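K.L.:
Given only the sequences and the hints, what does the whole structure look like? Please build it.
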Amino acid sequence: MSETFDLIPVLPELFLVLAAMALLMAGVFRKDEGFGSTTSLAIMAMVAAAVLVWAVGGDERQTTFGGMFVMDSFAVFAKLMVLVGSALTAAMSVSFLEREKLGRFEYPILILFATVGMMMMISANDFIALYLGLELQSLSLYVLAAYNRDSVRATEAGLKYFVLGSLASGMLLYGVSLVYGFSGSTSFEVLPRIFGGDHPAAPHLGFIAGLVFIIAGLAFKISAVPFHMWTPDVYEGAPTPVTSFFAVAPKIAALVLFTRVMVGPFGDLVDQWRQVITFIAILSMFVGAFAAIVQTNIKRLMAYSSIGHVGFVLVGLAAGTADGVQGVLVYLAIYLFMNVGTFAVILCMRSKGRMVEGIDDLAGLSRTHPLMALTMAALMFSMAGIPPLAGFWGKFYVFKAAVDAGLFTLAIIGVLTSVVSAFYYLRIIKIMYFDEAIEPFERVSGRAMGMVMALSTAVVLLFTFLPGPLLTSAKAAASVLFPQ
Amino acid sequence: MIAALIFYMFAGLAVASGVMVIASRNPVHSVLFLILTFFNAAGLFLLLGAEFLAMVLVVVYVGAVAVLFLFVVMMLDINFVKLKEGVLQYLPTGAVIGLILLVELAVMFGGWTFAPDVEALVMAPAPTADQVSNTDALGRLLYTTYAYLFQASGVILLVAMIGTIMLTLRRRPGVRKQKIADQIARTGKDSVEIRKVPSGGGI
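Chains as they are written, first to last, in the working numbering: chain A, 1 to 484; chain B, 1001 to 1203.
Just so you know, the hints here were simulated from the structure itself, not pulled from any lab data. Computed from a predicted model, the values in this text were never measured in an experiment. Heads up, some of the hints might be wrong.
Claimed, not checked - Derived DEER-like restraints, expressed as beta-carbon distance ranges:
#	chain 1	residue 1	chain 2	residue 2	range
1	B	Ala1095	A	Ser40	54 to 64 Å
2	B	Gln1131	A	Leu205	32 to 42 Å
3	B	Gly1049	A	Gly170	23 to 33 Å
4	A	Phe434	B	Gln1089	44 to 54 Å
5	B	Val1175	A	Glu156	20 to 30 Å
6	A	Ala458	B	Pro1092	40 to 50 Å
7	B	Gly1049	A	Glu156	41 to 51 Å
8	B	Gly1086	A	Thr4	49 to 59 Å
9	A	Glu156	B	Pro1092	27 to 37 Å
10	A	Ala22	B	Ala1095	50 to 60 Å
11	B	Asp1130	A	Glu156	51 to 61 Å
12	A	Thr4	B	Leu1091	50 to 60 Å
C-beta: ideal position from N, C-alpha, C; glycine also.
P.N.:
This is the structure:
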């Protein structure tokens, strides 16, 4: 009756949960707010967890908890991205939140719990495990969105995110229940056995409906059109450090999860889901390109930009091949550094003692803060996909995978929308370099900001010359999902 | 036969009281109808032989959730009539959408088939009642096979608690709180002062 589980594969998650609980207790019993020290400890815990992920994950695929949790090189790659993203955004938020007098010790703890949720999502090998990881992550994010509880905008953002997120979770669960009703199992290992092999079964209509519901639920979590409506409002309303966190780690985790679900359990049904993914990819790229043009608030702009990026990533997924998944992973890794760097600049936008968010406030940045302007320019060129910067290569690999899979229309639409989106990225550069400064920003950049900016610029600039490590590890990670 | 009759009684009552939850004007009545719905659902569970779930439904939903609802309805000054104002306006659209969804579901479930060899794929086949009671069966699954999911749910609830406290707890200065230890530790000497009042004079 008694079953024993191998706990080695879950060691990083276990460590992070325990660290979060220990920090929670420490925070509760301290007299002061203890925001700075708790955040530093949380970042250290994330670094330690990254080392553990590295140590635990070998080339071999390990499962535990009766096959509900899987640790393979795909999971290792994604978890390292998520941990780096969470740690960098947490480090960037310290000085901002302290200045705005928003520093409270729950902030890093919620980030830790959200990160654990993301790692559980990435390693999920069962729909129920997937759902619980997703909920752990989402619940922490809802609270973080409303973190600045005295601001009406933040509260509205949190509430909106919560209500719509619950709806999406409901859709996901409904889809899972239909799939379960057909197959009698929620495990990712069982479905390929039904639809693959020598005698593939024909999927029932109700099963397809379940698949579509699951896609809809997951599309909400990655904010793909037509489930994107919450994104601009939440990005704008939440405090900027929280927005920067939202834009990076959860998005990467959800996209990785999306990829695993589509390619893993539903891998043999690629003809069924490819059209849905293609459709939401095209819509996301369009909305990301055209709706962003009219924005005046830089956080809203970043929201639409991230919707567009999700569209490009989905192009790689729509290909449904190992090359496509490799493209997805490379794109996400580059996206991580581009976004972290851009948000570091946005977090430094302060004048007259308060945070400014207008795009026009960047005017004349090249004269007042030349280094910051240079960083921003490099990142914007990269986001627009101008060679030889990293962003170009991200797009190159997903489009190439799509072309190889015969999806020419999708690739052409992708290239066209990326030209349109170049307009608003380049407009930011034009404002920084050619417009007259209205009000110079205060000098607020701390050491963490400077380091993040330098790191992201370095990645964006040097990827062309040193693409090897990222490409090979992404290739190895992607090949796990396609057993020969 | 009798089981079928009882089923229709519970099911019919559940649907009827469910309708009353949204139809009744007085929010307190709504909550009471909600409790009736829960009881009927518990009855349905009993018919299925899931006595543990039936009891849990009564204990958790009726005992805790519904009472909490009542508490909130009575404590908060919400104008429910005003909240419901737009209902009639949206009713036709909602009804049409609901009807379409119903037809779609009917089409979908109409020809439901299972995967071939579904018996071999079922994750945790339910043991028959003569082997173990269903409390026992649930417990075995929850604490052994699904221990990971059980622990994960625990962490989710912890996050919910942190979130609630973080978003609502405010430390206001100058609020007088009870300090039981101090109150009990007070003696007559701390609080009572005996003065001699001379006749004809004040203190």
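K.L.:
To test your reading of the hints: which numbers does this structure violate?
P.N.:
Violated: hint 6 alone.
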